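Throw the hints in and build the complete structure from the sequences for me.
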Amino acid sequence: MSIGILIYCFDTEAVKYHPTANFCIAQIKKHLKLPVTVVTDTVTQSHLQGQDNIVLVEPRKNNKRFYKDKSIPWLNLERVNAYDYSPYDVTVLMDSDYFVYTDNILQYVDTAYDFLLYDKVYDATGRNSFNYVSKSLIPIVWATVTIFKKTASTERIFAMIKHIQKNYDYFCNLYRIDFQNYRNDYAFAIALNQMEGSTNNFLPSSMTMLPIDTEILKIDTTGITFKYDKYINSIKDQDIHVLNKEIPFNV
Amino acid sequence: MDIRSLREQSDLSFNRATAKQNALEKARSRQIVTYNSHIFRADAETINLISVLKQQSTVFILDVNQNPCEINNPRELLDLLITRNQEALNQYHQLYQQLKQR
Numbered sequence: 182m183s184i185g186i187l188i189y190c191f192d193t194e195a196v197k198y199h200p201t202a203n204f205c206i207a208q209i210k211k212h213l214k215l216p217v218t219v220v221t222d223t224v225t226q227s228h229l230q231g232q233d234n235i236v237l238v239e240p241r242k243n244n245k246r247f248y249k250d251k252s253i254p255w256l257n258l259e260r261v262n263a264y265d266y267s268p269y270d271v272t273v274l275m276d277s278d279y280f281v282y283t284d285n286i287l288q289y290v291d292t293a294y295d296f297l298l299y300d301k302v303y304d305a306t307g308r309n310s311f312n313y314v315s316k317s318l319i320p321i322v323w324a325t326v327t328i329f330k331k332t333a334s335t336e337r338i339f340a341m342i343k344h345i346q347k348n349y350d351y352f353c354n355l356y357r358i359d360f361q362n363y364r365n366d367y368a369f370a371i372a373l374n375q376m377e378g379s380t381n382n383f384l385p386s387s388m389t390m391l392p393i394d395t396e397i398l399k400i401d402t403t404g405i406t407f408k409y410d411k412y413i414n415s416i417k418d419q420d421i422h423v424l425n426k427e428i429p430f431n432v
Numbered sequence: 010m011d012i013r014s015l016r017e018q019s020d021l022s023f024n025r026a027t028a029k030q031n032a033l034e035k036a037r038s039r040q041i042v043t044y045n046s047h048i049f050r051a052d053a054e055t056i057n058l059i060s061v062l063k064q065q066s067t068v069f070i071l072d073v074n075q076n077p078c079e080i081n082n083p084r085e086l087l088d089l090l091i092t093r094n095q096e097a098l099n100q101y102h103q104l105y106q107q108l109k110q111r
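As given, the protein sequences belong to chains A and B, one line each in that order. In short: position in the first sequence from 1, add 181, done, that's the numbering used here. In short: position in the second sequence from 1, add 9, done, that's the numbering used here.
Keep in mind that the hints were calculated from the coordinates and are not lab data. Certain hints may be false.
As the list claims (entries may be wrong) - List of simulated lysine to any residue pairs, SDA-like, C-alpha gap at most 25 Å:
| no. | chain 1 | residue 1 | chain 2 | residue 2 |
| --- | --- | --- | --- | --- |
| 1 | A | K408 | B | E34 |
| 2 | A | K411 | B | Q107 |
| 3 | A | K210 | A | S310 |
| 4 | A | K417 | B | V61 |
| 5 | A | K417 | B | D20 |
| 6 | A | K301 | B | D52 |
| 7 | A | K301 | B | E54 |
| 8 | A | K426 | B | I91 |
| 9 | A | K408 | B | K109 |
| 10 | B | K109 | A | S415 |
| 11 | B | K109 | A | D418 |
| 12 | A | K343 | A | F383 |
| 13 | A | K399 | B | A26 |
| 14 | A | K330 | A | Y264 |
| 15 | A | K417 | B | I91 |
| 16 | A | K417 | B | K29 |
| 17 | A | K417 | B | Q110 |
| 18 | A | K408 | B | D20 |
| 19 | A | K417 | B | A26 |
| 20 | A | K399 | B | F23 |
| 21 | A | K211 | A | K251 |
| 22 | A | K211 | B | N24 |
| 23 | A | K399 | A | T283 |
| 24 | A | K417 | B | Q107 |
| 25 | A | K399 | B | R25 |
What you are looking at is a predicted structure, and each value in this text was computed from that prediction instead of being measured.
Right, dumping it as structure tokens:
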């Protein structure tokens with residue numbers, strides 16, 4: 182049985198994602214010791230380091246996101262094809278801005294579950310910034326880390342996600358989702374709701390997150406020091422999802 | 010005490026509380042174990058349950074997603090749970106001691 186990590190990385194005019202992806206890959210190699218496949222484009226490919234495998238695609242570019250009061254391109258539409266792109270029997274689909282500092286994820290690659298992801302997050306700045314209860318009729322799930330096996334039921338879930346992406350405006354209205362742009366988190370949540378009702382299986386802990394407005398003061402292979410408002414704090418040996426894209430990797 | 014000192018003390022307390030919560034979340038993340046293809050939380054509740062049931066050769070318990078699981082060697086699971094629980098709480102204890110000195 183093959184096990185590996187699948188990440189996506191597409192540089193854009195607004196944000197160069199490859200330094201983040203390279204750090205992500207290095208941390209995976211250090212703590213999880215699993216092969217890494219990167220889905221990327223020809224422009225970004227030459228900047229990537231440490232991956233075992235590349236899947237080249239031409240990403241669709243008709244999605245946007247608000248980032249620090251600006252509307253910027255968001256090349257997140259390819260994630261629906263993760264099932265097809267992954268060469269592994271068990272895949273850990275991971276955002277390139279999710280940094281592993283432990284081997285905790287290894288617990289989840291050998292379970293009875295076909296499809297696992299987080300439904301709870303934790304804001305490391307202590308402000309509970311990710312409370313989206315009032316943002317839709319359906320509770321959000323977090324596609325940031327998704328662990329799936331290549332089974333018929335997983336294939337159906339991804340087929341449903343593709344269907345939802347194609348008809349996102351309809352589903353957005355149906356579930357009264359407050360975000361107008363396409364978000365994988367909600368597409369995954371809707372697909373699970375449609376395919377499995379309320380009997381979903383989730384990763385048991387909360388995913389630790391740092392919000393966009395949190396300045397990253399220092400990052401290295403053991404942890405992150407961050408600042409929000411006037412408060413400076415740090416975490417060590419703890420997996421974390423960092424939303425601010427301005428990360429001082431070379432400091 | 011003047012208001013400036015009070016505010017500084019308040020900020021320090023807030024920052025310490027956030028750091029403590031982060032350390033606790035780290036411990037909770039570490040308290041997860043996989044056994045017999047099911048996921049369990051190595052917390053006091055699970056440990057107590059398995060301690061009570063450990064005399065039996067086969068027991069049935071619920072995993073973190075409320076799915077039933079057959080355990081044929083509860084003593085082995087208990088050892089695993091205790092080891093992971095104490096590893097996570099030992100780390101938390103060390104971080105907590107550092108925070109108290111801030």
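Checked hints:
1. K408(A) to E34(B): This hinted pair holds, its Cα atoms lying about 19 Å apart.
2. K411(A) to Q107(B): At roughly 21 Å apart (the allowed maximum being 25 Å), Q107(B) and K411(A) satisfy the hint.
3. K210(A) to S310(A): violated (30 Å)
4. K417(A) to V61(B): violated (36 Å)
5. K417(A) to D20(B): holds (22 Å)
6. K301(A) to D52(B): holds (18 Å)
7. K301(A) to E54(B): Holds, at about 21 Å.
8. K426(A) to I91(B): Since the Cα atoms of K426(A) and I91(B) sit roughly 39 Å apart, the hinted pair is violated (cutoff 25 Å).
9. K408(A) to K109(B): Distance of about 21 Å is within 25 Å: holds.
10. K109(B) to S415(A): holds (16 Å)
11. K109(B) to D418(A): holds (20 Å)
12. K343(A) to F383(A): Roughly 21 Å between the alpha carbons, so the hint for K343(A) and F383(A) holds.
13. K399(A) to A26(B): With a Cα-Cα distance of about 21 Å, the restraint between K399(A) and A26(B) holds, given a limit of 25 Å.
14. K330(A) to Y264(A): Distance of about 9 Å is within 25 Å: holds.
15. K417(A) to I91(B): Measuring from Cα to Cα gives roughly 23 Å; hence the hint holds.
16. K417(A) to K29(B): holds (13 Å)
17. K417(A) to Q110(B): holds (18 Å)
18. K408(A) to D20(B): holds (13 Å)
19. K417(A) to A26(B): Roughly 16 Å between the alpha carbons, so the hint for K417(A) and A26(B) holds.
20. K399(A) to F23(B): holds (21 Å)
21. K211(A) to K251(A): violated (35 Å)
22. K211(A) to N24(B): violated (30 Å)
23. K399(A) to T283(A): holds (18 Å)
24. K417(A) to Q107(B): Roughly 13 Å separates the two Cα atoms, so the pair holds.
25. K399(A) to R25(B): holds (19 Å)
In summary, the numbered hints that this structure violates are 3, 4, 8, 21 and 22.
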